[in-house]
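Participant: As a plain string of letters, each chain reads:
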Amino acid sequence: MEELGKYIGAGLACLGMLGAAIGVGNIFGSFLQGAMRNPAAAQQQFGTLIFGFAVTEALGIFSLLIALLLLFVV
Amino acid sequence: MADTNPIKQFEIHEVAALEIAGFDLAFTNSAFFMVLATVSVTLLMALATNKRALVPGRGQSIAEILYGFVADMVRSSAGNEGLRFFPFVFTLFIFILAGNMLGMFPYFPLGIEGIGWHGFTFTSHIIVTLTLSMMVMGIVVGFGVYKNGFKFLKLFVPAGVPPVLYIIVTPIEIISFLSRPISLSVRLFANMLAGHILLKVFAGFIVMLAGAGAAWGIIGVLPFAMVIGLTALEFLVAFLQAYVFAILTCIYLNDALHPAH
Chain A
3 MEELGKYIGA GLACLGMLGA AIGVGNIFGS FLQGAMRNPA AAQQQFGTLI FGFAVTEALG
63 IFSLLIALLL LFVV
Chain B
106 MADTNPIKQF EIHEVAALEI AGFDLAFTNS AFFMVLATVS VTLLMALATN KRALVPGRGQ
166 SIAEILYGFV ADMVRSSAGN EGLRFFPFVF TLFIFILAGN MLGMFPYFPL GIEGIGWHGF
226 TFTSHIIVTL TLSMMVMGIV VGFGVYKNGF KFLKLFVPAG VPPVLYIIVT PIEIISFLSR
286 PISLSVRLFA NMLAGHILLK VFAGFIVMLA GAGAAWGIIG VLPFAMVIGL TALEFLVAFL
346 QAYVFAILTC IYLNDALHPA H
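Those protein sequences? They're chains A and B, same order as listed.
So the number in our numbering is just where the residue sits in the first sequence, counting from 1, plus 2.
So the number in our numbering is just where the residue sits in the second sequence, counting from 1, plus 105.
These are calculated hints, taken from the structure and not from any lab test.
Keep in mind that the hints are not guaranteed to be accurate.
[Said to hold, decoys possible] Within a straight-line C-alpha distance of at most 20 angstroms, the following computed SDA-like cross-link-like pairs (lysine to any residue) qualify:
(1) B:K305 - B:V326
(2) B:K305 - A:L70
(3) A:K8 - B:P111
(4) B:K305 - B:V342
(5) B:K113 - A:L72
(6) A:K8 - A:L67
(7) A:K8 - A:F74
(8) B:K305 - A:V75
(9) B:K305 - A:A12
(10) B:K256 - B:I280
(11) B:K305 - A:L67
(12) B:K305 - A:F74
(13) B:K113 - A:L67
(14) B:K113 - A:L70
(15) B:K113 - A:V75
(16) A:K8 - B:N110
(17) B:K113 - A:V76
(18) B:K305 - A:L72
(19) B:K113 - B:V306
(20) B:K256 - B:I279
(21) B:K113 - B:P211
(22) B:K305 - B:L338
(23) B:K113 - A:L73
(24) B:K305 - B:G221
(25) A:K8 - B:I302
(26) B:K113 - A:A69
(27) B:K113 - A:F74
(28) B:K305 - A:L73
(29) B:K113 - A:I68
(30) A:K8 - B:I112
(31) B:K113 - B:A136
(32) B:K256 - B:N359
(33) B:K252 - B:L362
(34) B:K252 - B:M240
(35) B:K252 - B:I356
(36) B:K305 - A:L71
(37) A:K8 - A:L71
(38) B:K113 - A:L71
(39) A:K8 - B:A299
(40) B:K305 - A:A69
Could you build the full structure based on these sequences and the hints that come with them?
Facilitator: Written out as structure tokens, the structure is:
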């Protein structure tokens with residue numbers, strides 16, 4: 003029973019990555035949209051792009067971490 | 106049946122035992138790869154720059170590109186004042202990059218007792234990344250207080266907010282500041298961990314299919330192609346995570362230099 007709950011919990015925790023996926027896609031999509039309109043300004047915003055990506059991705063990684071902890075540690 | 110446990114690659118083994126005052130300070134495979142990263146980077150930089158040619162050769166170009174890349178990163182996110190932290194950020198970036206890249210070796214023909222035959226990613230251990238990120242936060246807080254005194258607390262009271270909202274905004278800022286070392290370390294650690302587990306899971310499929318007979322073995326070509334693609338992706342992640350760690354360090358240092366913003 004405990005084993006079952008572990009796997010269900012890991013699966014549920016992975017759902018958290020859905021939000022991160024939408025967020026990361028949104029960031030790169032918006033960046034491309036802006037970059038296509040004004041390619042000259044795109045290069046300077048690369049750092050900002052990566053910063054936004056990193057901050058958003060961290061949340062998905064947290065939920066992945068919960069899943070990994072449930073699978074291999076608990 | 107081969108051992109296909111994807112977690113086994115992260116096991117720490119003792120290479121040389123060492124105990125000082127009851128503390129177990131054994132030299133492990135993790136420590137070995139940290140030493141290897143430091144030595145290889147030091148050798149690369151020292152050998153590449155010892156000629157100091159006016160027209161750089163191949164080796165010197167690598168060193169100069171790395172230097173210029175990190176210097177631009179520091180300058181664009183922490184300003185010219187931030188360049189005093191250039192050696193720190195450069196060391197962090199190169200150390201993490203070397204660690205991630207050394208971990209990408211699937212096979213390490215050393216055969217030393219405790220290290221075995223496979224590569225080891227020391228950045229896939231939370232204790233390593235947490236130490237690095239606590240070092241960053243220590244410098245941010247220490248230097249921020251040293252340079253700005255009590256004005257460093259302006260970090261938690263952003264300008265241009267209606268006074269009533271400070272009741273909500275200040276706790277949020279404090280929580281976000283306190284969660285920085287956690288998110289900084291967990292991001293690097295979990296990315297490396299997840300990437301390497303993914304590679305080993307797909308590699309396990311090949312072994313399982315090959316073990317199931319000739320007909321299934323042919324289908325094993327599919328996960329093999331997947332592993333090759335994923336390895337290329339992992340190289341990108343290995344670089345990107347080192348870059349992300351370094352650029353976030355710059356951004357946090359910028360807070361210490363200019364807390365009012």
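Participant: Now tell me if each hint is right for this structure.
Facilitator: Going down the list of hints, with the structure as the test:
Between the alpha carbons of B:K305 and B:V326 the distance comes to roughly 15 angstroms, so the proposed pair stays at or under 20 angstroms and holds. Under the criterion of a C-alpha separation no larger than 20 angstroms, the hint pairing B:K305 with A:L70 is consistent with the structure, at around 14 angstroms. Taking the CA atoms of A:K8 and B:P111, the gap is about 18 angstroms. The hint holds against a cut of 20 angstroms. Annotation: proposed proximity of B:K305 to B:V342 holds, straight-line Cα distance about 16 angstroms (limit 20 angstroms).
Distance hint between B:K113 and A:L72 is fulfilled; the C-alpha atoms sit about 17 angstroms from each other, no more than 20 angstroms. A threshold of 20 angstroms between alpha carbons decides the hint, and for A:K8 with A:L67 the separation of about 14 angstroms falls inside it, so the pair holds. The straight-line distance between the Cα atoms of A:K8 and A:F74 is roughly 10 angstroms, inside the 20 angstroms bound, and the hint therefore holds. For the proposed pair B:K305 and A:V75, the alpha carbon gap of about 18 angstroms is at most 20 angstroms, so the pair holds.
A threshold of 20 angstroms between alpha carbons decides the hint, and for B:K305 with A:A12 the separation of about 19 angstroms falls inside it, so the pair holds. Of the pairs offered as hints, the one joining B:K256 and B:I280 holds, with about 19 angstroms between alpha carbons and a cut-off of 20 angstroms not exceeded. Pair hint B:K305 plus A:L67 holds up; C-alpha atoms about 17 angstroms apart against a cutoff of 20 angstroms. Distance restraint check for B:K305 and A:F74: the Cα-Cα separation of roughly 15 angstroms lies within the 20 angstroms cut-off, and the hinted pair is therefore satisfied.
Only pairs whose Cα atoms come within 20 angstroms are accepted, and B:K113 paired with A:L67 is accepted, the gap being roughly 17 angstroms. Distance restraint check for B:K113 and A:L70: the Cα-Cα separation of roughly 14 angstroms lies within the 20 angstroms cut-off, and the hinted pair is therefore satisfied. For the given pair, B:K113 sits about 13 angstroms from A:V75 by alpha-carbon distance, which is consistent with the 20 angstroms threshold. Between the alpha carbons of A:K8 and B:N110 the distance comes to roughly 18 angstroms, so the proposed pair stays at or under 20 angstroms and holds.
Between B:K113 and A:V76 the CA atoms are separated by roughly 16 angstroms; this keeps the pair inside 20 angstroms, and the hint holds. Between B:K305 and A:L72 the alpha-carbon distance is near 19 angstroms, which keeps this suggested pair within the 20 angstroms criterion. For the given pair, B:K113 sits about 11 angstroms from B:V306 by alpha-carbon distance, which is consistent with the 20 angstroms threshold. Simply put, B:K256 and B:I279 have alpha-carbon atoms about 15 angstroms apart, close enough for the 20 angstroms limit, and the pair holds.
Only pairs whose Cα atoms come within 20 angstroms are accepted, and B:K113 paired with B:P211 is accepted, the gap being roughly 13 angstroms. Distance check on the hinted pair: B:K305 and B:L338 sit about 14 angstroms apart at the alpha-carbon level, within 20 angstroms; holds. At roughly 14 angstroms between alpha-carbon atoms, B:K113 and A:L73 fall within 20 angstroms of each other, so this suggested pair holds. At most 20 angstroms may separate the alpha-carbon atoms for a hinted pair to count; B:K305 and B:G221 meet this at roughly 17 angstroms.
Of the supplied pair hints, the one linking A:K8 and B:I302 holds, its CA atoms being roughly 19 angstroms apart against a limit of 20 angstroms. Between the alpha carbons of B:K113 and A:A69 the distance comes to roughly 18 angstroms, so the proposed pair stays at or under 20 angstroms and holds. For the hint pairing B:K113 with A:F74, the CA-to-CA distance comes to about 11 angstroms; that is within 20 angstroms, so the pair holds. For a cut-off of 20 angstroms, the pair hint linking B:K305 to A:L73 stands: about 15 angstroms separates their Cα positions.
Distance check on the hinted pair: B:K113 and A:I68 sit about 19 angstroms apart at the alpha-carbon level, within 20 angstroms; holds. With a CA separation close to 17 angstroms, the supplied pair A:K8 and B:I112 stays within the 20 angstroms bound. Taking the CA atoms of B:K113 and B:A136, the gap is about 17 angstroms. The hint holds against a cut of 20 angstroms. Our distance criterion of 20 angstroms between C-alpha atoms is met by B:K256 and B:N359, whose separation comes to about 14 angstroms.
Only pairs whose Cα atoms come within 20 angstroms are accepted, and B:K252 paired with B:L362 is accepted, the gap being roughly 7 angstroms. Straight-line distance between C-alpha atoms of B:K252 and B:M240 comes to about 18 angstroms, which keeps the hinted pair within the 20 angstroms bound. A C-alpha spacing of about 17 angstroms is found between B:K252 and B:I356, which places the hinted pair at or below 20 angstroms, so the restraint holds. For the given pair, B:K305 sits about 17 angstroms from A:L71 by alpha-carbon distance, which is consistent with the 20 angstroms threshold.
Taking the CA atoms of A:K8 and A:L71, the gap is about 10 angstroms. The hint holds against a cut of 20 angstroms. Of the pairs offered as hints, the one joining B:K113 and A:L71 holds, with about 15 angstroms between alpha carbons and a cut-off of 20 angstroms not exceeded. With a CA separation close to 18 angstroms, the supplied pair A:K8 and B:A299 stays within the 20 angstroms bound. Taking the CA atoms of B:K305 and A:A69, the gap is about 17 angstroms. The hint holds against a cut of 20 angstroms.
Violated hints: none; the structure is consistent with every hint.
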